[in-house]
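Residue numbers (the working numbering), protein chains in the order written: chain A, 1 to 271; chain B, 1001 to 1271.
If you are wondering where the hints come from, they were derived from the structure by calculation, not from laboratory data. Heads up, the beta-carbon is just placed ideally off N, CA and C, and yes, glycines get one too. Any given hint could be a false lead.
[Unchecked claim] Simulated coverage check for chain A against chain B, where a stretch passes if three residues somewhere in it have a Cβ under 8 Å from a Cβ of chain B:
hint : segment
1    : 76-89
2    : 175-186
3    : 199-210
4    : 249-260
Number of protein chains: 2
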Amino acid sequence: MNVERFCIKPGSRLDWKDHDPDATPGCKSKAAAAKPLLANLERLLELQEQLFAQSERALLIVLQGMDTSGKDGVIEHVMGAFNPQGVKITSFKVPTPEELTHDFLWRVHKATPGRGMVGIFNRSHYEDVLVVRVAGLAPKAVWSTRYAHINAFEKLLADSGVAIVKIFLHISPEEQAERLTARRDTPEKQWKFSPGDLKVRTQWSAYMKAYQDALERCSTGWAPWYVVPSNKKWYRNLAISEILVDTMSRLGLAYPPPVEGIASYEIPPAG
Amino acid sequence: MNVERFCIKPGSRLDWKDHDPDATPGCKSKAAAAKPLLANLERLLELQEQLFAQSERALLIVLQGMDTSGKDGVIEHVMGAFNPQGVKITSFKVPTPEELTHDFLWRVHKATPGRGMVGIFNRSHYEDVLVVRVAGLAPKAVWSTRYAHINAFEKLLADSGVAIVKIFLHISPEEQAERLTARRDTPEKQWKFSPGDLKVRTQWSAYMKAYQDALERCSTGWAPWYVVPSNKKWYRNLAISEILVDTMSRLGLAYPPPVEGIASYEIPPAG
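Just chain A, with the same shape it has in the complex (with noise of 0.2 Å):
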């Protein structure tokens, strides 16, 4: 599969028309995509272990998208792949009091993965270009500032040896209206229900303004944008498990060499 199809060049428009939802460009079936998606996990996990065992790199993966796109999906069923040791998952929810004392990416900062770690961002500081705008929780005069700020900071922790890779969960209106309608109406998904949801939904094509300027301004070299079709859940597990193993096979990760003259320590009787 050629993830590359997915990525937001930099510097490039966004045309939503250009993205399919339902899209499942290299893969025609669920069963289809069983055997690459297993060989996938199976590699992240060897590529992780390697980034932990080396400790030089870390991922950051930030998951954005639309209520009942899929965010706890993908962490369950691609990122579950990897050694949970290894994982730092950070829910990025209404800031708390004392979070709004500090400017918007101080909480973020605090969240981002060390070296030998993968940290997910499930939503993210785009939250503070997406709902703030379109809610009105701040004024375009501070919102509007933020896309140069995003850059400059994901600059900073890029430099610093963190590989970025932020993906949009891509699904239609109609998609969201029967994800709902289950959420609703199975007893072991109501849990998950959330009025508040409707109204977000009524504000759609605000939203994917929102989301087209934030990923035309913010995907960069550093910290690129991938908009991945995600109507179909087996699809989008697939393409985000490539997207994750093209990125993490061009960090240059390897065993760490072993302390010096490993082979002469003789393993003492216990004591």
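Chain A is fixed; fit chain B onto it per the hints.
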């Protein structure tokens, strides 16, 4: 499998002679363990979803054991079954200068799981009555007061809804010798080889005495210790999955009631 056999009954003595690290009670072979292990892992994921959805209880899993006993392996192969978003893993290393300016439970308290979460301690506050005692990092007058502090601290957590399960991964010195040798001689494992582990190995009986005291004094009704035979990795994984299913099954977990009048919410058209 009857997991009670692994539990150190509160107030009872522990004689290491009663615990064979090679034992596999209730399961004869690796092949026979595969199916019940898989069933347990699936059950753990269900229970965790209810824990998360309900958000009234938390689960704290404390893992202790000698070097190479399999703490990392258990986290990967058993706790790996959990949805990573609901898991918080903390590896306790040598305390930082800032941590050392506080009491020994300060850094531990910060790492405890909130409601709905599974917390995993890879090593823990027990190191403060183990390595600290054996390596003489604090005088007896200091470490000997800590058993009572630990019990009071764990009672505080339990009274706040945290279910605590503490697991000692029990291996023999012979098994450790094999595993250290494998780390020394296998290229992909050499990054885990630490000469410092060899010194600790020469203090084996001092550690077993320190573990004995800790497990006898701190296995309580609200935070029991389990000694799990761990020479065979497949048995260790199966036994621990059983202990976790047993613990979580007794927490009264269930999905919370949905928002009032959920059926009457209409899914609006996307705006």
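Of the hints given before, which are not true for this structure?
none
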